[in-house]
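2 protein chains.
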Amino acid sequence: MTADRPGGGRWSVGLDIGGTKVLGVLLDGAAAVRATARGATRPGAAGVVAAAAEVVERLCAGAGLAPADLAGVGAGVPGLVDPATGRLSHAVNLGIAEEVEPAPMLAERLGGVPVVVENDLNVAAVGAARELGLSGDLAFLALGTGVAAGLLLGGELRRGARGAAGEIGHIPVDHAGPVCPCGQRGCLELYASGAAIDAAWPNRNGRPTAVDLFAAAENGDPTAVAVRDRFADAVAAAVRLLVLTCDVEHVVLGGGVAEVGEPLVDAVARSVRRQASGSAFLRSLALADRLQVVPREVPVAPIGAALLVRGLLPTGG
Amino acid sequence: MTADRPGGGRWSVGLDIGGTKVLGVLLDGAAAVRATARGATRPGAAGVVAAAAEVVERLCAGAGLAPADLAGVGAGVPGLVDPATGRLSHAVNLGIAEEVEPAPMLAERLGGVPVVVENDLNVAAVGAARELGLSGDLAFLALGTGVAAGLLLGGELRRGARGAAGEIGHIPVDHAGPVCPCGQRGCLELYASGAAIDAAWPNRNGRPTAVDLFAAAENGDPTAVAVRDRFADAVAAAVRLLVLTCDVEHVVLGGGVAEVGEPLVDAVARSVRRQASGSAFLRSLALADRLQVVPREVPVAPIGAALLVRGLLPTGG
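Chain order of the listed sequences is V and P.
For the record, in the first sequence the residue sitting at position 76 is 76 according to this note's numbering, with numbers rising by one throughout.
To get this note's numbering, take the position in the second sequence, counting from 1, and add 1000.
Bound conformation, chain V alone (with noise of 0.2 Å):
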């Protein structure tokens, strides 16, 4: 069998692994998503790579596929991928302490398919732009538990030094603030994150709680309208920052809170706006026009691995 198919070229399938699920795409030779999957992160580096495996192999299954058929496997990870060693640190979140290089472990246990792990914002910045038919630079801005960006200058990935580019959730917007878990105080994470909604935001409804808080907001609800807008400002605060450092040209809305959808980017650029009411200059910066936000239920994390793995990076404008 061969994997040589309808769309041209070979399939890949790509994997965004966190810290509770494995999701997974397979993606045909013209990169449309042919199949999705998902499988429950076991904690730890073994648990890591099965989990994956399992994803991979069920993907291949129901297309008819074997592993080594694919072109290759990228994976987005939460945490530092040295792109030079391949060795992973920082993935507290998968419940690995030590440093591995989970690429040739993952390769060996698909009968020798080619492996790539990265970062799992660099792969959904790499996903975004190419989902939103975006070129130019890119920063994917993800709003979750935390707040840190993936990304893409000059149609290449930017890491960094020691892969602190984008960690932009630790830098402190108030020295008066509380004590973040990093040690800092008043970091922009606690106030531009999922998590600072949900500390602010007692949800009663069972949806996510961003999704509840807007929908508050939008009914009214004079609390909601003003944890809403504090969280705006700080949102807007991140993206005036993404710009005034690296001047992307868009600034995509991802994370969790990113469910929320158009009125998510509606209310960030309203703070944008205000922030700019004073400043010609911030103005002619055009902030709002640069916003986007991931559309709901298009995986970006997982395409975006699936093509990194080809060598398929949106080039830069």
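Hints listed in this document are in silico derivations from the structure and should not be mistaken for laboratory results.
Using N, Cα and C, we set each Cβ at its ideal position, and we do this for glycine too.
Hints are supplied without guarantee of correctness; some may be wrong.
Chain V regions said to be covered by chain P (calculated; three or more residues, Cβ under 8 Å) [said to hold, decoys possible]: (1) 162-171; (2) 181-192; (3) 232-242; (4) 245-253; (5) 280-286.
If you anchor each label on the Cβ, the simulated ranges turn out as follows [unchecked claim]: (6) D289/V / E1156/P: 40 to 50 Å; (7) G1311/P / G311/V: 19 to 29 Å; (8) T1223/P / A176/V: 45 to 55 Å; (9) D198/V / G1044/P: 40 to 50 Å.
Dock chain P against the given chain V, drawing on the hints supplied.
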């Protein structure tokens, strides 16, 4: 007469065109400085071009060259230069209100020699990398009247989608702070600039105010210590900001305040360490180890401009 001379290859001239003076260097083919010259800037496009041309002609005459013998002339200017069109805008310090294309104007005035015009912080970043022998990603952090950075990432100048890359001086760090000329409140520039030192320290000794301040602090003057440390804290925040967005390997302190020399690095390194004292995360990034200062009397901006016109960008690491 030919420009193929000792040092190998053709010579070039680099200019740093500021609001009051034009500083020029003549580089030989091995990128060694053979001569320097300076002249007074005259406001407006025609005046700037004439002043620049005179400095070039003076440097050439002293070396027995004609401008047409040069490999090219590079010029750093305080303003935004569109890399595609060569158009210069926002050059208020040069008394140029309209958009102009200074490169062809200067080239024509000099008999057709190739001319490249670039933002002054960008050429300074190129020159600093060369003069300090730094490979790897670098930010040139200019501490002068304002605060901004030139960024050299992956071996290329980072200009950004609208020329705003590195404009970190206008990131607010205190929303209750005073109004900045840019229209926002509490911008970093209000705390980390030479102008901030001038406002807080009444210089009575005729030497540069920052040098006077640091000397007084060294002598134990409690007011000087307080002003110096507050300034150093703000610069340390700028360094943290650059690393947590771009993760540059080197942050080179430049601009007028850099005349202070190593005591400036020492003070900022102390602030960096104090800010990281409660944060293992921040300590792991070793911010203090990334600091350097431009040595006094090394004209990094014109040197960078002269390298740039010859296509000599340091390679990224």
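Outcome of the hint check:
no.	hint	verdict
1	162-171	holds (count 9)
2	181-192	holds (count 3)
3	232-242	holds (count 4)
4	245-253	holds (count 5)
5	280-286	holds (count 6)
6	D289/V / E1156/P: 40 to 50 Å	violated (25 Å)
7	G1311/P / G311/V: 19 to 29 Å	holds (28 Å)
8	T1223/P / A176/V: 45 to 55 Å	violated (24 Å)
9	D198/V / G1044/P: 40 to 50 Å	violated (57 Å)
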